[in-house]
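Top to bottom, those sequences are chains B and R. Heads up: the first sequence begins at 1 in this note's numbering, then just goes up one per residue. Heads up: the second sequence begins at 289 in this note's numbering, then just goes up one per residue.
Just so you know, these hints were derived from the structure itself, not from any lab. These figures come from a predicted structure and were not determined experimentally. A couple of the hints might just be wrong.
Calculated cross-link-like contacts (lysine-lysine; reagent style DSBU-like; alpha-carbon spacing at most 30 Å) [as the list claims (entries may be wrong)]:
id, chain 1, residue 1, chain 2, residue 2
1, B, Lys51, R, Lys356
2, R, Lys491, R, Lys510
3, R, Lys495, B, Lys51
4, B, Lys71, R, Lys510
5, R, Lys679, R, Lys497
6, R, Lys570, B, Lys51
7, R, Lys356, R, Lys491
8, R, Lys450, R, Lys356
9, R, Lys504, B, Lys71
10, R, Lys504, B, Lys51
11, B, Lys51, R, Lys675
12, B, Lys51, R, Lys679
13, R, Lys315, R, Lys510
14, R, Lys638, R, Lys315
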Amino acid sequence: MNKRIAPYYWMTVPAVVLFFVFMTLPALQGIYYSFTNYNGFGKDYDFVGFKNYFNLFQDDNVGNAYWFTFKFAIVVTILTNILSLLIALGLNAKIKFRNFFRGIYFLPNILSVLIVGYIFNYLFSNVFPIWGQNLGINALSTNILGSESLAWIGIVIVAVWQSVALNTILYLAGLQTIPTTLYEASNLDGAGKWREFWSITFPLIAPFFTINMVLAMKNSLMVFDQIVALTNGGPGRATQSISHLIYTGGFEGGEYAYQSANSVIYFIVIAVISILQIRFLQRREMDL
Amino acid sequence: MMAVLLSSCTSGDSANGKVQIEFFQNKPEAKTTFDELIKTFNAEHDDIQVTQVNPPDAETVLKTRVVKNDIPDIMAMGATDTYSILAQSDIFTDLTDSTLLQTIDPNYIQMLNDLTGMDEVTGIPYATNANGIMYNKTLFKEMGLDVPKTWDELIATAQKIKDAGEIPFYFTYKDDWQTSLPFNALASNLVGIDFYQERRDNKVTFKEKYREVAEKQLELMKYGHGDNFGKAYSDGNRAFANGEAFMYIQGTWAISEIRKANPNVDIGFFPFPTGNDASEIKLVNGIDSLFTIAADTPNREQAETFIAFLLEPENIGRYIDEQTLFSAVEGVKQDDPAVQELMPYIEQGKVIDFPDHYIPAAVQLNSIVQSFLQNQNIDNYLDTLDKEWDKVANRR
């Protein structure tokens, strides 16, 4: 072996082995079990072929979870990106206490999702309704997490509140790559702030826009902790996301194999969405 | 490091010559009581050392440990669907002829057999709980109300309280499992447990039998507070302790939590009056904790010694006092004033098991009932129950 190459192998091979043992192997096991009727424990199970997959497409709980998750993910992705871009622009401007504010806006990202969820859960059930009653607003006077039609909005609020922090930091990093000379030139040409944003700022942070969209979408498609802390999938199954369904059905419900099949399909769906998103958004980057 | 990990997982003879017994149990509330009992036991036995394991979400932890074939020597859990599935997977020792069962009320042993559908007994019932209607004695006295004995009286009482501008029932339906409490009381009395055997054999449907259960549960919703789906179990315990509502459809397990919030509250408890013949009403009374021994443990004898210790009247008496539960050992009485109205039912055997223990967990009964109470569509609800049951049965 070439002596110069050897160190690279020393670094790569353990990583490959670890990745294989902890990521690939369990995934392959999951695929294997998805063709059985294994309940998660015990020793006997039989091969059932594609029965689990066939049942999945007839299970309206699965359809319901997909509908909730996509609705949730799209709304969260859009809101997160709009808000974090606005905050990043603000934090990039020459304001007083800039670093202090940057720190404050990053705080939600440091807190544990579960703790944030439990705090908001308390606010939704005990604090906001009292405000609503005092202000005489009917829609606010009950806990929105307890309503089948409104509970998802509560989860969106918490998820956006928390994910804005990281995306803001990424946008801030993007904004700092833009040379100030460009703005000076546009100033001389007499461009307004709005024009400046659409013609300089936004095109130049396009790669950051791509990565933020993909990250936000992927994270919100896998939403789990917020749901456990806020509604546990309820009321009924109104806020049950796909990963929550896989967990509750697979472990608590003793349908390990069936939910393995669900997660195999879900893996494919997320992979396809992420690839499409990157392709589409990157093409946009190059056009500019 | 691997060696440390491995040795901490396996039980058996340890360096100090004592047999190590792992006691795995699922009730966080009972941790301190068991700690004290174990301390006494370990002090009395030179050759056995029992350690308690009580992780959060214990049933799920137990299932994953069973997958790894790392089964604790003794497992304590409720008589639920999880117990039933595990028993059918043959991971528990067959205790049918064990002397440990001699002092246990045969009613509860029968309950286990009904639940698993097996002839062997693999669990030793320990403590039982009850589900009924809790009421605030002080508030009842102030308004001059009597304890309702029939369904009509219950509704009349609730109406009277509502007319006075107070809250009859404190519903805590943000937690979906709370919605299954009235379901359990109504279903067991109005339909019965045999229904589930027939349902497994596809001889009957929810649609045929469960309409009255659904209608009565819906009727109760008229007597809640303004935010029935916005409050959770812990909110309810606090509110009831502070006298915000007259009645609280709950299990006996909540008593200790309520007293934590307000030690002076005067609690009473009556069985859920599901029909209009008071003599026919049975109390929903299920096994809160049972003991099982792992089938492949090398320390069966020591495990049995420990269980025998826990079953001694003095020890189980202490346990049920601290946990406000009832004893499965015959002759051990619960004297807590809050549950005295329930005692005659238990002593006369006028009890019936929790129906939801017979419904596979994958059906997710709780979320179905919760959803029904929100959209209030009975036909849709009964269809969903049948459809989900069939789907799960079809997948097994």
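Outcome of the hint check:
| no. | hint | in the structure |
| --- | --- | --- |
| 1 | Lys51/B with Lys356/R | holds, 26 Å |
| 2 | Lys491/R with Lys510/R | violated, 34 Å |
| 3 | Lys495/R with Lys51/B | holds, 27 Å |
| 4 | Lys71/B with Lys510/R | violated, 33 Å |
| 5 | Lys679/R with Lys497/R | holds, 19 Å |
| 6 | Lys570/R with Lys51/B | violated, 42 Å |
| 7 | Lys356/R with Lys491/R | violated, 38 Å |
| 8 | Lys450/R with Lys356/R | violated, 54 Å |
| 9 | Lys504/R with Lys71/B | violated, 35 Å |
| 10 | Lys504/R with Lys51/B | violated, 39 Å |
| 11 | Lys51/B with Lys675/R | holds, 18 Å |
| 12 | Lys51/B with Lys679/R | holds, 12 Å |
| 13 | Lys315/R with Lys510/R | violated, 34 Å |
| 14 | Lys638/R with Lys315/R | holds, 26 Å |
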